[in-house]
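All chains, please: the whole structure from these sequences, using the hints.
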Amino acid sequence: MYRDRLTGHCVLTPPLSGTLVGRWVLENNTAEVFMNSVAAAAGDFLVPETSGHWHVLTGEGDRQSGTIVRAQAPEDLEAESVRTIGDRIDELTKVGAAWLDWIDVVPLVPGISEQVDLLPLEHLVREQFGHLETVCRKPRAHLHIEIERAPVSKARRVPAAAASYLAAHTEDWDRPLLRGILPKRILAEVRQDQIDIYENRIAARLLDNLCAYLNWRIHLLRRLLKMFLEKEDYSGSIVGTWLRERRMSELWGESIDANEGRRKAEVALEEVEALKYRLMGLLGSPLYEEVPRRAYVATTLKSTNILSNDQHYRQVAELWREWARTSAGRTQTPAELHAEAQRLSRGLDAFAMLLTVRALDTLGYEPPETALAEPIVRGASLLVRGHGMELTVTWRSDGTIGVAVGERVFRIVTLTANLAAGGGERVRESLSRIQEAVSERSRGDLLVLFLASDGEQASTEVELLASLHTVGNDPRHALAGAGCLPVSPWEIGSTERVARALRWFLSSARFLDYPLKVTVPEGAHGLIDLREHARWLISVADGTLELRTPPHDYEWEALDVESIPQVAEVSLQTARTNHQRLYDELREAVRRGKTGSLAHQKHNSHEEVLRCERIVKASYELADQLRDAHVRATALLKCPTCGESADPARDFEPLDRGCFRCECRDCGTTWGARLCSYGHRYASMLPSGNFPDTGDQRPGWEDRVYGCDILALPARKPDGQWGFVCPECGQIT
Numbered sequence: 023m024y025r026d027r028l029t030g031h032c033v034l035t036p037p038l039s040g041t042l043v044g045r046w047v048l049e050n051n052t053a054e055v056f057m058n059s060v061a062a063a064a065g066d067f068l069v070p071e072t073s074g075h076w077h078v079l080t081g082e083g084d085r086q087s088g089t090i091v092r093a094q095a096p097e098d099l100e101a102e103s104v105r106t107i108g109d110r111i112d113e114l115t116k117v118g119a120a121w122l123d124w125i126d127v128v129p130l131v132p133g134i135s136e137q138v139d140l141l142p143l144e145h146l147v148r149e150q151f152g153h154l155e156t157v158c159r160k161p162r163a164h165l166h167i168e169i170e171r172a173p174v175s176k177a178r179r180v181p182a183a184a185a186s187y188l189a190a191h192t193e194d195w196d197r198p199l200l201r202g203i204l205p206k207r208i209l210a211e212v213r214q215d216q217i218d219i220y221e222n223r224i225a226a227r228l229l230d231n232l233c234a235y236l237n238w239r240i241h242l243l244r245r246l247l248k249m250f251l252e253k254e255d256y257s258g259s260i261v262g263t264w265l266r267e268r269r270m271s272e273l274w275g276e277s278i279d280a281n282e283g284r285r286k287a288e289v290a291l292e293e294v295e296a297l298k299y300r301l302m303g304l305l306g307s308p309l310y311e312e313v314p315r316r317a318y319v320a321t322t323l324k325s326t327n328i329l330s331n332d333q334h335y336r337q338v339a340e341l342w343r344e345w346a347r348t349s350a351g352r353t354q355t356p357a358e359l360h361a362e363a364q365r366l367s368r369g370l371d372a373f374a375m376l377l378t379v380r381a382l383d384t385l386g387y388e389p390p391e392t393a394l395a396e397p398i399v400r401g402a403s404l405l406v407r408g409h410g411m412e413l414t415v416t417w418r419s420d421g422t423i424g425v426a427v428g429e430r431v432f433r434i435v436t437l438t439a440n441l442a443a444g445g446g447e448r449v450r451e452s453l454s455r456i457q458e459a460v461s462e463r464s465r466g467d468l469l470v471l472f473l474a475s476d477g478e479q480a481s482t483e484v485e486l487l488a489s490l491h492t493v494g495n496d497p498r499h500a501l502a503g504a505g506c507l508p509v510s511p512w513e514i515g516s517t518e519r520v521a522r523a524l525r526w527f528l529s530s531a532r533f534l535d536y537p538l539k540v541t542v543p544e545g546a547h548g549l550i551d552l553r554e555h556a557r558w559l560i561s562v563a564d565g566t567l568e569l570r571t572p573p574h575d576y577e578w579e580a581l582d583v584e585s586i587p588q589v590a591e592v593s594l595q596t597a598r599t600n601h602q603r604l605y606d607e608l609r610e611a612v613r614r615g616k617t618g619s620l621a622h623q624k625h626n627s628h629e630e631v632l633r634c635e636r637i638v639k640a641s642y643e644l645a646d647q648l649r650d651a652h653v654r655a656t657a658l659l660k661c662p663t664c665g666e667s668a669d670p671a672r673d674f675e676p677l678d679r680g681c682f683r684c685e686c687r688d689c690g691t692t693w694g695a696r697l698c699s700y701g702h703r704y705a706s707m708l709p710s711g712n713f714p715d716t717g718d719q720r721p722g723w724e725d726r727v728y729g730c731d732i733l734a735l736p737a738r739k740p741d742g743q744w745g746f747v748c749p750e751c752g753q754i755t
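Straight run, no breaks: the sequence shown in the numbering used here ends on number 755.
Hints were generated in silico from the structure; no laboratory data involved. Check the hints yourself; a few may be wrong.
As the list claims (entries may be wrong) - Below are the EDC-like pairs computed for lysine to aspartate or glutamate, each with C-alpha atoms no more than 16 Å apart in a straight line:
| id | residue 1 | residue 2 |
| --- | --- | --- |
| 1 | K660 | D575 |
| 2 | K539 | D650 |
| 3 | K298 | D230 |
| 4 | K298 | E155 |
| 5 | K660 | E643 |
Now the structure itself:
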C-alpha cells in the first residue's frame with residue numbers, strides 16, 4: 023500500500039510513530055483511500071494533520087493511524103518558499119522546458135527584490151497609525167445603565183420601582199419618620215460607558231493581527247539579511263577557492279545585487295521594527311484593556327454606522343480589510359491543508375531536481391547537442407556527458423532522482439521533515455531509520471536532502487549535526503554509507519552541497535578507475551608494438567593493456583588507432599582475394615578432372631579468411647576500447663577546480679598500488695587517488711594545494727570553506743596537522 027522512497031520497497035504499514043514526512047507515498051492501487059478525511063490518490067505523500075497525526079482509511083474499512091514529530095515540521099517561511107519554487111518548476115514542465123531553461127531558474131527565495139521593500143500593508147499602517155492610536159486612546163463607547171442598591175448620597179436617578187422595593191426591604195431603612203421613612207440605601211440607575219462593542223473589538227483584534235504580521239515580516243527580513251551577510255562571508259573569506267566565490271557571485275547576480283539588497287533589507291527591517299514597537303505601545307491603551315482577549319471578530323466586517331461615518335474608525339476598518347487581503351485571515355479546510363502538504367512535498371522534489379541540474383552544470387556535465395532540447399519531466403530520463411563519462415539522470419515518478427553511471431546508481435531522496443529538530447533523541451531516531459534503509463541498499467549510493475537551514479540547527483548536538491552534513495564519506499559519524507544534507511531556498515550554499523555529493527560519487531568513480539585498463543580481444547594480440555609506447559602504455563598479465571599515464575597528443579597520434587583495423591582489413595582483403603583465386607582454380611581443375619592439392623589449399627584459405635575476419639572484429643573492439651580509455655585518461659588531466667589541463671609528463675605522477683597524483687600549474691590544485699595507512703584507496707583533491715587556515719570546525723564547515731571543490735574530507739590529526747579522512751575506516755592520513 024505504501025512505497026518507501028528510501029529503499030524503493032513496498033510495505034503494508036509504515037512506522038506508526040515518528041513517521042518521516044516525505045519518505046512514504048501511496049502505491050498504485052484500485053481501492054478507494056482517504057487520508058486525513060480527504061480522498062487521496064496513488065502517488066500522494068503520507069502527510070499529517072495540523073495536530074501531528076495522520077489517518078488513512080481504505081474503502082474496505084481498514085484504518086491506520088500514526089504520528090509525526092511536530093518539532094520536525096518546517097518553518098512556514100521555508101515551506102512557502104519551496105511551494106513557490108515548486109509551482110514555477112511545474113509551469114516549466116508543462117511547457118516542456120529543457121536543460122537550459124532549468125539552468126536559468128535561481129534556487130533561492132523567489133521575489134527577493136520585492137520582499138526587501140516595504141509592502142502595501144506596512145505603508146498603510148504607517149500612514150493610518152494616528153487614526154488607530156486615537157481609537158485606542160479615546161474609544162467610542164455605548165452608555166450602559168444598570169439598577170443597583172446604592173447609598174442615598176450617591177444616588178442620582180431613581181427608577182419607578184424604587185419606592186416599592188424600599189417598602190419591602192427594611193434593612194435598607196435608616197430610621198422611620200412620622201410621615202414616612204428615611205432611607206439608607208435605595209435602588210438607583212448607575213450609568214457606565216461600555217467599551218466592549220463590535221467596533222472596538224475590531225481595533226483590539228487588529229492590534230493582535232498586525233503584531234503577528236509584523237513579527238512574521240521581521241523574521242522574514244532577518245532571514246533575508248542573513249542571506250546577504252552570508253554572501254559577504256563567502257566573498258570575504260580568505261580560505262577556500264576563488265571559484266566558489268565566483269559561483270556565489272554569479273548566483274546572486276542572477277537574483278539581486280547583494281550590496282543593494284542588504285542596504286534595503288536593513289532599512290526595511292528598521293522601519294518594520296519601529297512600527298511593531300509603536301503598535302506594542304497601544305497594548306496598554308484603555309480600548310485594548312477593556313476588550314476581552316478572546317473576543318472573536320469574523321474576517322469579513324459588518325458595515326456599521328461607526329465604521330462608516332467616524333473618521334478614525336473608518337481608517338481602522340480599511341486597515342483590517344488590507345490585513346485580510348494580505349494574510350491568511352481564514353481557517354483552512356482539511357482538503358486545503360492536505361493539498362498544501364502535498365504541494366510542499368512535490369515542491370521539495372522539484373527543488374531537489376533543480377539543485378541536481380545546476381550542480382551537474384557546475385561540475386561540467388551537460389546533455390549532448392541531440393538531447394539539449396529534451397524536456398525534463400517526472401518519469402523521464404536524460405543523457406548527460408562530461409569528463410569522459412556518460413550519465414543517465416532520471417526524475418522518477420515517485421519524485422526521487424537517480425544518477426546512473428554504468429551499473430552504479432546514485433539516488434537522491436527528499437524529506438520535508440527537519441531532521442535536525444526535535445532534540446537529540448529524535449535526531450538519533452531519525453538517523454537510525456535512515457541507516458536501516460541504507461543497510462538494505464549498496465553502500466554510498468543514497469543522498470537524503472531534508473528541508474532546513476543552518477540557523478535552525480544550533481540547539482542540536484555537534485556530533486549529530488555532523489551526521490546531517492555528510493555526503494557519505496566520513497565513517498566517524500552516526501550515519502555511515504549515505505549522505506544527508508540540509509537544503510533550503512534560504513541557503514545560498516544548497517547547490518554547492520548537492521554538487522559536493524555528486525562530485526564525490528562521480529569523480530571517485532573516475533579516479534579509482536585508474537590505472538585504465540584495456541582488455542585485448544582474442545585475435546588482436548600483436549597489432550600494437552608496445553615498445554614504441556612504453557612510457558604510457560604497458561602490457562600486464564592476461565593480455566591486458568594498462569595506461570600508466572595519459573599520453574601526450576603526439577604520443578596518441580603516434581599510436582594511430584585508426585590504422586589498427588585498417589591493417590587488419592588489408593590482411594582480410596588479401597586472404598579473400600587468395601581464397602577467390604583458389605576457388606576459381608579448383609572449379610577449373612574439377613572440369614579437367616585433376617584437382618590435386620587445390621581442395622586442401624582452398625580449405626586452408628577459407629580458414630585464413632575466417633581468422634582474418636575475427637582479427638578485424640577484434641581490432642575494431644580494441645580501437646574502440648583505446649579511444650574510450652584515452653578520453654577517460656585525458657579527463658584525469660583536467661583540473662577539477664579551474665578546468666585547465668595538466669601536462670601528462672610533468673604534472674601527472676603514477677604511484678604504486680593503483681594511485682596517482684596530479685597538479686594544476688595554474689591554480690595549484692592537486693588531485694588523485696591515494697592510500698590510507700590500512701591500504702584503503704580513495705579519491706582526493708585539494709584546491710590551491712594547501713589545507714585551509716581556518717579554526718571553523720562547526721558542522722558543515724567544509725561547505726562554507728570549499729563548497730563543492732573537495733572530495734575526501736579534510737580534517738585535523740591529533741597532532742594538529744591536516745590530513746584526509748579515509749571514507750572506509752575514518753583514519754586521517
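Evaluation of the provided hints:
no.: 1; hint: K660 <-> D575; in the structure: holds (14 Å)
no.: 2; hint: K539 <-> D650; in the structure: holds (10 Å)
no.: 3; hint: K298 <-> D230; in the structure: holds (11 Å)
no.: 4; hint: K298 <-> E155; in the structure: holds (13 Å)
no.: 5; hint: K660 <-> E643; in the structure: violated (26 Å)
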